[in-house]
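With the hints as constraints, model all of the structure from the sequences given.
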Amino acid sequence: MEYAETKSDEIDNQKSKATSTTENDQSLILQLVITAAVILILAAVNLLAPPTGLSRSGFQMIGIALVSALLWSTELIPIPITALLIIFLQGIFNILPFQESLASLAHPVNTLLFVGFVLAAGLQKFDLDRKISISFIKLAGTRVRRLLFAMMAIVAILSMWMSNTSTVALVVPIVISIIEVSKGEYPNLKRSFMIGIAYAGTIGGIATPVGTPPNPITIGFLSDMAGVNISFLDWIMIGLPFSLILLPVAWLVVILIYPPEIDEIEVPASALEMEINENNKWGVRRFLLIFMAIVVLWLAESFFALPDNWLYLVAVGGSITMCLPMIGVLSWEELSNEVNWGVLILIGGGLALGSGLSESGVISWIVNSFMAQIQHLPINLVIIVVAAMTSLSIMFFCSLTATSTAFVPLAITLALQLNADPLIFAAAAGIASSFAYILPANTPPNAISYSSGYFETKDMIFSGLILLALSILVFVLVSNFLWPVIL
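Numbers given in our numbering equal positions in the sequence shown, counted from 1, plus 401.
Be aware that a few hints might be false.
DSS-like cross-link-like pairs, simulated, lysine-lysine; straight-line CA separation at most 25 Å [said to hold, decoys possible]:
#: 1; residue 1: K539; residue 2: K526
#: 2; residue 1: K682; residue 2: K539
#: 3; residue 1: K682; residue 2: K532
#: 4; residue 1: K526; residue 2: K682
No wet-lab data here; the hints were simulated from the structure.
Shown next, in the form of structure tokens:
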């Protein structure tokens with residue numbers, strides 16, 4: 402008997418090793434194929450004649466864009482390293498002065514993302530994010546649909562100021578603890594809650610300039626390419642109404658497609674447990690005071706004559722204040738652990754990619770190639786096409802930042818060629834870059850919700866396609882009827 406068990410274990414080990422070896426071989430083959438493709442692309446744009454109307458540097462820039470898209474989608478190398486590769490290749494091919502490409506890493510846009518990480522660090526240090534979540538749950542009661550909307554509202558509000566990933570990661574365990582106390586199997590209940598909070602993180606991030614990377618990227622390109630300066634309040638007026646309308650739309654989508662099997666659910670006491678540390682009350686007050694001061698100073702730009710780049714100056718000043726002795730509330734260790742430095746590098750590389758495509762003439766060449774087909778189309782139809790192409794491209798790029806840096810410059814150039822409002826076109830591409838509803842792999846919040854095991858990929862694809870179409874429709878309606886009134 403012991404011999405048989407030993408023999409069985411040996412066979413299992415051999416099978417496991419064989420499977421591991423096969424997977425390693427397949428991975429190596431894939432890496433070699435991708436590497437060969439990168440080399441061929443870069444060789445082609447240097448050796449072949451450029452297409453008619455495109456310069457050599459423009460052709461090389463297309464090669465860099467294709468290589469970056471391939472590497473971002475396959476993650477052969479870390480995503481931030483691909484961003485650095487863009488800057489390196491632009492310097493090697495002399496497309497942009499190296500100092501100009503390198504300066505993209507310190508673009509003012511990154512200060513908005515940095516202060517977003519600072520605010521998130523403060524919220525998490527004092528458990529304010531959890532306190533807000535628990536308060537919403539208590540108000541919602543035990544009605545399932547109301548509780549789902551409350552959870553989605555929590556995620557959306559926190560995602561306006563924090564990383565969408567951090568917000569969803571905070572709320573998912575709370576949702577699991579609520580669902581697990583229900584008696585019986587309720588697959589639709591699980592689907593609706595987990596898919597709903599993933600969507601809410603995306604929708605909430607659209608509302609403020611610091612909510613998600615595509616927002617400051619859009620602001621930066623509008624300033625650099627169209628001379629349109631967007632203040633903090635301007636973006637609030639653009640993004641917040643859209644988020645407020647889209648959140649209940651997303652809630653309706655998930656409860657209509659996956660109607661919960663029960664009407665009420667008990668919220669366990671464990672989900673509402675919260676340690677209160679009275680020693681931190683002065684720290685909480687200082688944090689909230691600095692937080693409110695940052696927001697008030699951002700809003701002041703719309704009412705007073707203030708220095709240029711006020712939006713970014715406040716971001717830098719607020720970040721410094723948060724770490725000052727006696728006044729601030731964060732140590733450098735606490736802050737550096739919260740900051741996602743890879744995202745800042747990715748944004749810098751993405752901005753360099755956009756600048757290279759613009760200055761080398763690639764974007765104008767692409768737009769001019771399609772002008773004959775689109776110049777007689779209604780503007781709203783063109784906007785729908787821009788938003789649809791951008792949002793569907795997320796499935797290829799698997800990065801909101803990469804998607805926005807590719808499509809926002811294209812949208813702005815298209816608007817200028819059509820004598821249309823570049824703000825509307827840039828917002829169409831920038832906001833649509835956040836419509837990551839379809840695949841769990843599209844964004845970390847989707848992946849976190851998917852990791853619960855409560856839904857399958859096909860569930861998110863079905864609801865995501867419907868929400869994507871409705872999101873584009875809401876954008877067209879808001880940009881046509883609401884923005885002209887409030888902007």
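(message) Are any of the numbered hints broken by this structure? If so, which, sorted upward?
(response) Checked against the structure, no hint fails, so every one of them is satisfied.
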